[in-house]
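K.L.:
For chain Z, the structure is supplied; the task is to place chains U and L on it using the hints.
Chain residues, written in single-letter form:
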Amino acid sequence: MYPSDLKYHKEHEWVRVEGDIAVIGISHFAQDQLGEVVYVDLPTEGDEVTADETFGEIESVKSVSELYSPVTGEIVEVNGALDDAPETVNEEPYGEGWMLKVRMADPSELDALMSAEDYETLIQDEA
Amino acid sequence: MTERLAHTPDGAPTRGPRGTIFEQRSVRAQSDVVAQLDVPELPVDDMLGGRARENAPELPNVTEVQIARHYAHLASMNFGVDTGSYPLGSCTMKYNPRVNEDAARLPGFAGLHPYQPESSVQGALRLMFELQEALGEIAGLPEVTLQPAAGAHGELTAIMCFRAFHEHTGDARSRVIIPDSAHGTNPATVSMAGYTVTQVPSNGRGGVDVAALRDALDTDVAAVMLTNPNTLGLFDENICAITDAAHQVGALAYCDGANLNAIMGIARPGDMGFDAMHINLHKTFSTPHGGGGPGSGPVCVTPELAPYLPGPVVARTDDGYGFVVPERSIGRVRSFFGNFGVLVRAYAYIMGLGAQGLHEASEQAVVSANYLKARLCAAYDVPYDRTCMHEFVLSGMRQRREHGVRTLDIAKRLLDYGTHPPTVYFPLIVDEALMIEPTETESLAELDRFVDAMLAIAQEAQAEPEMLKHAPYTTPVRRLDEARAARDPQLRWRPTE
Amino acid sequence: MRFVPISSDQRERMLRVIGVESAEELFADVPASVHLDRPLALGEPMSELELVSHLDALARANTPASQLVSFAGAGCYDHYVPSIVDHVLRKPEFFTAYTPYQPEVSQGTLQAFFEYQTMICELTGMEVSNASMYDGATAFVEAALMACRLTKRHTVAVARTVHPEWLATLETYAASGLFEIEYVSGEGLTAEDEWRAVADEHVAAFLVASPNYWGALEDVEAIAPLAHEAGGLAVVATNPVLLGVMEPPSSAGADIVVGEGQPLGNPMSFGGPGLGFLSCRMQFVRQMPGRLVGATLDADGNEAYVLTLSTREQHIRREKATSNICSNHALNALAAAVYLASVGTDGLVDVARVCLNRAHYMRDRLLETGRFSAPWDAPFGYEFALVYDGNVRAMHEEMRSRGYLAGVIAEDAGSGGTDLVVFAVTEKRTRAQIDAFIEEVAAL
Chain Z
1 MYPSDLKYHK EHEWVRVEGD IAVIGISHFA QDQLGEVVYV DLPTEGDEVT
51 ADETFGEIES VKSVSELYSP VTGEIVEVNG ALDDAPETVN EEPYGEGWML
101 KVRMADPSEL DALMSAEDYE TLIQDEA
Chain U
128 MTERLAHTPD GAPTRGPRGT IFEQRSVRAQ SDVVAQLDVP ELPVDDMLGG
178 RARENAPELP NVTEVQIARH YAHLASMNFG VDTGSYPLGS CTMKYNPRVN
228 EDAARLPGFA GLHPYQPESS VQGALRLMFE LQEALGEIAG LPEVTLQPAA
278 GAHGELTAIM CFRAFHEHTG DARSRVIIPD SAHGTNPATV SMAGYTVTQV
328 PSNGRGGVDV AALRDALDTD VAAVMLTNPN TLGLFDENIC AITDAAHQVG
378 ALAYCDGANL NAIMGIARPG DMGFDAMHIN LHKTFSTPHG GGGPGSGPVC
428 VTPELAPYLP GPVVARTDDG YGFVVPERSI GRVRSFFGNF GVLVRAYAYI
478 MGLGAQGLHE ASEQAVVSAN YLKARLCAAY DVPYDRTCMH EFVLSGMRQR
528 REHGVRTLDI AKRLLDYGTH PPTVYFPLIV DEALMIEPTE TESLAELDRF
578 VDAMLAIAQE AQAEPEMLKH APYTTPVRRL DEARAARDPQ LRWRPTE
Chain L
625 MRFVPISSDQ RERMLRVIGV ESAEELFADV PASVHLDRPL ALGEPMSELE
675 LVSHLDALAR ANTPASQLVS FAGAGCYDHY VPSIVDHVLR KPEFFTAYTP
725 YQPEVSQGTL QAFFEYQTMI CELTGMEVSN ASMYDGATAF VEAALMACRL
775 TKRHTVAVAR TVHPEWLATL ETYAASGLFE IEYVSGEGLT AEDEWRAVAD
825 EHVAAFLVAS PNYWGALEDV EAIAPLAHEA GGLAVVATNP VLLGVMEPPS
875 SAGADIVVGE GQPLGNPMSF GGPGLGFLSC RMQFVRQMPG RLVGATLDAD
925 GNEAYVLTLS TREQHIRREK ATSNICSNHA LNALAAAVYL ASVGTDGLVD
975 VARVCLNRAH YMRDRLLETG RFSAPWDAPF GYEFALVYDG NVRAMHEEMR
1025 SRGYLAGVIA EDAGSGGTDL VVFAVTEKRT RAQIDAFIEE VAAL
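Residue numbers (this note's numbering), protein chains in the order written: chain Z, 1 to 127; chain U, 128 to 624; chain L, 625 to 1068.
Hints were generated in silico from the structure; no laboratory data involved.
This list has only true hints and no planted wrong ones.
Straight line, CA to CA, 25 Å or less: simulated BS3-like cross-link-like pairs of lysine-lysine:
1) K944/L with K10/Z
2) K10/Z with K101/Z
3) K62/Z with K10/Z
4) K596/U with K62/Z
5) K944/L with K62/Z
6) K944/L with K776/L
Isolated chain Z, as found in the complex (with noise of 0.2 Å):
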């Protein structure tokens, strides 16, 4: 449910680090809560992003969702398959449900990161 090579983020994203990339996602507790997943708002490639900063917003038929990234930097690519299928959210978190791929600024941002661990201790404590 949470993979130990990922990093997470408080808000429920979380970072696979790819050389000086970051590609950001939403976990599995996250698109749980949600439901079906009808629509991402996502920035487009160019685009700042700032840790701990709201990126965009991710909605489902009765709630919406702010999403914090977890890292600065700039968009290098932005996963367009999710305008016609956002269900790939909910059905692959980890995989094809990714949603930015970011180049770090500042790499040492990764340390304020949770492991997998961690987090499912945050994620229980919320449940």
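P.N.:
The following block gives chains U and L in isolation, referenced to the frame of chain Z:
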């Protein structure tokens, strides 16, 4: 094109939608809408300066019998107050008297043009004036505008008056305090009025956490926006302390009047220290909901705020009644004077019931709600175990915890029992909320039927939880794929090629 | 009158089940200082007979325009409403129903609005319409707010030729600081170079009405591109009956089309409830306010309708909602849909054609009297403004006493120009009535 006959799994034709009105084409005689043209005919393109339409709009082409049948079928798929009980919390789905419908349609009302000379509409002006007075008396806030078209519109109107008031006294502020139990229109209104929302929590008794409120109050707060009785159906015993605390920092107190049905003739928001309130004529005063509207949201204010009301309002003149614009009016919040057709209905209701009838309505509404609560509190969790007003909140948490059955499932199953579900998942501060408001126009038999249905469903939650998750079974359509509707919006009919 | 179907015995029983002696105990939470100690100062209850007599008397104290020979328009029109419309509206399953939040028992309401949305799209040329707003004025304001959100700009350029009450409403909303207004003026019509002068990177939208308050048709085809060149949107307000024969604003470049829908199947009713319609291009739908009905399937795979894209609305997005609107004008939208179904394409074209021809005929004849003159030269629909060469109020009052509403004196709707009169001619006005009016007014 043949009519699509959809079928339910057991082979019976669906009672649900059967194709739109556009798909019913008939051979139509030349339009008989208007008599033959009796003036010289000019080319449309010339008259419109070259703007004639190339392709006529694709409207339905049907005869009256097809229209009658089409809408008869649509009506058969609908549940209204006339069909059965509708215990929707905060909506006050009381009976819509037919005499009100007739009144609004009298040619002397329906045929009035808004710019007719005042001398030719004295009856209408007198009606509006007397309605202003009546609402002012019920609210305990004597100065009234009938202009706003809906409750949310009234909220916005009042908060804009507050803004004008503060600006006039040279004291611009930037925040409005609302409780966490507030209806969604409240924060949306605050934003539209150019203010930011400060939210305060509710306390263990379901009222506003007064200490937290006091902490949040400072001279940057323009207003406190409350509902009383609140969205949990509870009367906030600290209401006077709250409005007082607001006034002490120079803030104004606004009352969302959605729950006025609990207190007519018993208590008045003006006497609780509120400076303004809106009233929902389509809730408390029996005007019909119409499938979503039109409503009407008159705003009642203190004499201090009267100068800021949108104009015109109706006042007495030397020889009757006339329109006047308040001296520091915020202007207009819509065209013309208000939803007059709705005002006529509310006026008829108030005149018919009189003080005695309104008082009785509120009293019975409160008795009926407490009766339901007393009969349901064993089978369902009651988050706030205290006397309620005209509505109360249950929680479906026990059913969720023990059987995996959610409030949504309970609501859908109620449809099979022939009743409209209560309000669900509101207020947000109660998990799996069910907000129940019977109103005073339900008979005891009807109330008992509702209780029986709720108790039966509680049993079903235990014995057949899976069944509940796929309810309803007997309605014209089954549970809908709402995710599909949101992901792939089809928002108009299109001809298939 | 009494609508409480509970006897005093039954009430006693209920109180016992609750566990109290009297209803008063249930109000214990109401502080004594607030508890009303006198009855409300309202009248005695009335029987239905008394009430009906009372209301009849009030109604008869009015002389409704519908029973005069009325040429009054200015935003509210006396069109013929086919009988079937009110019969449908009187169905309790429609008018006593709530907002269709439980779609399984609201398919009637939902399908009716899906059809209404479709009809508005057909008329306006837009790709999506909402399920109604309060009136043309508030729809106009919501379009301005929508454009600001979409472009992230803060100013709207607005034609002064729009209905003065709509402009007043816009100004009231603007006072909250969400946007600023730059006016574009013109005599009868706005001038193209006035629009050019305001086209800059701050303008979220150009807002224009065609027909405008004076009944004149603006050059939307020239104005819309100017908005687009500056990176803004084109918001066009229009008359839905005229759209039967007039090119839809979509082909002139409009992005959002709004208006007052009262002419479609709704009585004048002293100005309310009316019907605001709001429609736009599909790419803007997520910023559109108001309820929206969409098509879907139910669990058995059957067609069904449901309120959708609800995350735009206040009950979900709260302070970030596209609007605070909750209740809309559903029943008025239903009236419009039944009306459009009843007249159909041919019928609407006919109504528009007749209104146009009779209006143009009347204007020509008024000019011929020599007592009226044209303040400007502009194409118009079925409404037009003329200058009267005498005392306009005296003329209006005299004609009133003879059973006519001689149009609307422009300043009565809040605009300038005391000697300007705005005449509307609908299909209810016959040639005989027009000729009789002309004869009498010419002789004043």
